[in-house]
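Top line first, the protein sequences correspond to chains S and Z. If you're matching positions, the first sequence starts at 1 in this note's numbering and goes up one per residue. If you're matching positions, the second sequence starts at 1001 in this note's numbering and goes up one per residue.
The set of hints was computed from the structure by calculation and includes no laboratory data. Just so it is clear, the structure is predicted and the values come from calculations on it, not from any experiment. Treat the hints loosely; a few may be bogus.
[Stated by the list, open to error] Derived, one-sided and incomplete: chain S residues facing chain Z with beta-carbon distance under 10 Å:
{"no.": "1", "residue": "G59"}
{"no.": "2", "residue": "L70"}
{"no.": "3", "residue": "S130"}
{"no.": "4", "residue": "N132"}
{"no.": "5", "residue": "H135"}
{"no.": "6", "residue": "A137"}
{"no.": "7", "residue": "A160"}
{"no.": "8", "residue": "D172"}
{"no.": "9", "residue": "G237"}
{"no.": "10", "residue": "P243"}
[As the list claims (entries may be wrong)] Ranges between beta-carbon positions, derived for each pair:
{"no.": "11", "chain 1": "S", "residue 1": "N257", "chain 2": "Z", "residue 2": "G1241", "range": "49 to 57 Å"}
{"no.": "12", "chain 1": "S", "residue 1": "T235", "chain 2": "Z", "residue 2": "F1156", "range": "25 to 33 Å"}
{"no.": "13", "chain 1": "S", "residue 1": "A128", "chain 2": "Z", "residue 2": "D1124", "range": "44 to 52 Å"}
All residues carry an ideal CB built from backbone N, CA and C; glycine is no exception.
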Amino acid sequence: MTFTKTALFTFLVAAFAHPAFAQVDLTGSYQTRMYEDYIERGPGEFMGNYTGMPLTDEGRAKALLYTSNLPSIYERQCLPQSAGVFQYRPTGFRIWSENGPEGDVVAWVIGGDNLRNDIRIWMDGRPALSPNALHTAGGFATGKWEGDTLTARVTHLKTAWIRRGVGIPGSDDTTITIHLTRRGDLLTVMTIQEDPHYLTEPHVVSRVWQWNPRGTEIARPQCNTANEIPSLEDTGGVPHYLPGENPEEDYMVRTFNIPKEAAMGHAETLYPEYRKKLKGVYTPPASCDARRPGYCCGWIETQGRPGGAPNLTCNDGGFGVLGPRGRRPEATAK
Amino acid sequence: MIEPKGFIQAGLALLFVMAGSPAIAQTQGRIAPAAGLETIQVRENVYAIFGAGANVTAHVGEDGVILVDSGSTATAAQLVAAVKAISAKPVRLIVNTSADMDHIGGNEVVGATGIEMNPDLFADEPHATVLSHESVLTRLSGDDKISSELWPSETFTSRVRSMYLNDDAVMVYRMTGAHTDGDTVVLFRKADVIATGDIIDLRSFPVIDMKKGGSIQGELDALNRLLEMTVPAMPMVLKEGRTLLVPGHGRVSDYAELVEYRDMVTTIKDNVEALIAKGMTLEQVKAANPTAGYRSRWGKESGPWTTDMFVEAVYSGLKNPVKP
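Take the sequences, apply the hints, and build the full model.
Below, the structure written as structure tokens:
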């Protein structure tokens, strides 16, 4: 073998083994644009609302066991959240690079004060972790550039709820693919979550984030527990609904006339064709504002607040007549 | 085609290039595979060995090697090789977390490579001390098919047996009546690692072996006690500091897996309890699928421990609770 061939071989191998240089600098702080999924990002989703989620029967069953008391128990208050949940959070995040001695990018890191674990995307071609290795909230992520898009695959994740506050489950066998594409001051983040136990097909979320020139100084998160449910202290008790007894199972039906099968998260309901199936079946609640089709009354508790839909009366799902600020009269009177 | 000499040149050149690449430490070092087993370094002096039957935890230091469980008989020689790849020191102590063959099967072969904790000057051959709960010896000595060479050499019955070895506090806790009547867990206090035995099996619903004294209430008691011993990454949730768990089967884990496992077992127990309160028979309870939501992740429809067997163990344990 000639020296030339040796050098060529070395160059080729090294070119693939060595960390790729970033095509686009992702560094910076990014803020959410709240008009995307305001309800989800702000007050949180309605209980019993699994619309848009391609759940398996197992996923639906586990979601229906959920009560909002569960994350309040002492043992769960500081548990890490899903690596993908930042797409639904109201707060921003920061991206920075970790560089080697020659300035090459070893990893891109997505960090935020509510992530409770950074997602560290290794760019140095390191091998996959063993299946026996510890799973973490941020998982084990490796990335590569596809044109100007950074694509990462995340494995070794913890069991965690996929969306905020409604109990939609993700298992520890879940994987997430992340695409990061920066166009000027806008960053498109697409997450594609797959789960062999709880999703019949990938759960895809695409959001646009706004670069924040003032930066976001991340307060590194700390978490402390408190005894929020004294009756459970030292009992080992775990709050949950019994199968078939979740009172929120029909919440979307009672409140918005959404067909139960749509609310319960079947894959079919993700697609435009499903609207044809609904036509003639779905009747908007009488109290909805016709000028806001598809939005109905918004989140009940925000009525009358700045940014909330004004002067609407809503079907509140049987919880009483709402007052001028979306509260029950007795609560408003106090 | 690349000639051997050229290949070596290329390889050296490649190594030279890669030597300049940044190296950010993995938190979980992977040791080169020894004889088909996988070893993961979970702390500076603690290793988890996978593939030898049950998981084996190795704690190494100036006093020698402490093993939690010795795997199966068939893989004993491989386990010896894996341990030697970690440390040249002799095995001094093997703690058996139950009497199951995949936990005690290597006692003879692996133990024979070691030396007693308290060397017996009158013994024919040196052998590592094998410690277990008294019930393990009772089980093994009562089974004619099991060689006495696999029996523990030392037993205990107290709530905890504590030792100071390898500059660490080694605490062997009695948690009997969960998986079997011989369950123990081992806490390496300084290293902050707990070997849980089969109280946690991350592959499946917990194996509650009622014929060997296991029970659903014992399982829950043990999981809740483990929660008290296991410290999460808190309040500094981004830091790596936390108690690590090496379960009887399945991956290295921490507080989060333990909470999920405890909550899963508790929820299913509650579901079965509610169905019993409605007057349902075992078959009716099985048909009602009280494991819904967990069955896909944890359940098995065939093999030595099926979902139906787990439901039956929960049902029987609730109908006929074991008296403390």
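Review point. So which of the earlier hints does this model not fit?
Key: Structure breaks no hint.
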